[in-house]
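Enquirer: For any residue, its number in the working numbering is found by taking its place in the sequence shown, counting from 1, and adding 28.
Each hint should be verified, as a subset may be incorrect.
Claimed, not checked - Straight-line Cα separation of at most 27 Å, DSS-like style, residue types lysine-lysine; simulated pairs:
(1) Lys366 - Lys261
(2) Lys301 - Lys312
(3) Lys501 - Lys425
In short, the hints are calculated from the structure, not lab data.
All values derive from a computational prediction rather than experimental measurement.
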Amino acid sequence: MVVAEPSQAAGATTLRRNVLTMPEVLAQSVANAAPSAAMALLPLLVFLNAGNGTWLSFVAAVITMVCVGYCAAQFARKMNSAGGFYVWVTRGFGPAAGHASGWGLLLGYIATGIATTLGFAIFGGDFLSRVMGISADNRTLILVLLAIDTALPIAVAIADMGLSARTSLTLESISILIILFLCVTIWIAHGPVDGNQFTFNGVKPGGMLVGVTLAIFAFVGFESAGALGMEAKNPQRNIGRAIVMSALIVGVFYVIVSYSQVLGFQGTDQFAKSSAPMPDLAQKVGIGFLAPIIDIGIICSMFACTLACINAAARMMLTISHDEMGFAFLTRVHKSRKTPHLGIYVAGLPMFLIPAGFILFGKTAVEVTGWFGTLATFGFMLGYGLVSAAAPYFLSKSGESKPLVWLTGIVGAASMVIVFYASWLPTTIPLIGQYFSPLTPPYDALPYWFFAWAAAGILWFAIVRARTPEVAKAVGTRYETHEPTSV
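I would like the entire structure built from these sequences, with the hints used as guidance.
Expert: Here it is, written out as structure tokens:
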């Protein structure tokens, strides 16, 4: 196995080293998953399929994503870099697979950032309409909010990675506390035990599978702590643990909130007809004053996620460009701030320009959010599937084959294949296809947009390998090794 000297690792001599504490590393992954934003509508979508099994769908999703995280942690305890999955998958399956993983995650981070800037505009507009009577559909207002949720995260990301992490942690914590307060109020109003949910009244197995598929979408981005390997303190311990812990933390939060939302509505019709479940629940349990505060919490979550996406994407581009698979200028960092400022601009600007273009051409923020959120998920699933499959193979090559890693690797990789297939050709799934609704435009075309992105990455790698085979061979070899620790 080719291992680069530490000075060759991307960012080894340019990024600030050993500055991020475990909470700050954890904050990157939690913020990128955007748990408060995910809970704004996702439990409703899961409920429409899984019914009283909604909370169990999220439990199954937690188990799946912890398996993926555990596989990623096997790499993190042995090596660190700013490339995360891009480097890790390379060590298991070689340069082509590693490049595909990084390419997929890059799509995931940028498309998620587009979705969260739009989400910031949606809930920011809703908040202003509640407190000031301003129309939430005003195009100018939406564009201004898009600009705010791009410019401020870019500024914070350039200023300092530690500041970015602390900002994300603070904003997401505020949002989570507001939502948990609503959950406790629901328990007080209705009692904490819902017999229908614990007996799975009316639940169908096919609907549960659809629910699990949707619930997995809530976790995308949880792996982004892997991009902080060069800046974290004790990275061999903290990176892997942050990834696994983030899956557990947001997963427990999802189970509590989804259970509470079903409990609070006390019926399918009420929940199914709600366009803003959490503000509606606040009104329903007598704390209507909390509705605009919930909007603020979700706005904070959107901002934190945009910031986390910019940071992760910039460091992925830094690593890819150090491998001469990208543009040389993306390897540069700010002289005093020691952050990849040019990569931050390249990652951040599309998060304003692309959604602004759709809004100017008459599309609504809600529909565009759905498109890019789905597209982002496909990119993440490629990375998750590859790292899950690569981990047991990587350990077996080094003589450390572990039954638990094989088990989690199989569960993680198989789950990603099933979820992608269910998102691509849902009605053709044997035995349970009838439980899925046919995809409608443009969702039926989104998998092919993803295929086009993946094909572009494959084509670029093939061109580089044909022209400069030594460059292609060196993909993913610039990292630092260290003594493994238990995870």
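Enquirer: Mind checking the alpha carbons of lysine 501 and lysine 425 for me, to see if they're no more than 27 Å apart?
Expert: holds, 19 Å
Enquirer: Within 27 Å, alpha carbon to alpha carbon, are lysine 301 and lysine 312?
Expert: This hinted pair holds, its Cα atoms lying about 14 Å apart.
Enquirer: Does lysine 261 sit within 27 Å of lysine 366, going by the straight-line distance between their CA atoms?
Expert: holds, 16 Å
This entry satisfies every hint, going by the numbered hints stated previously.
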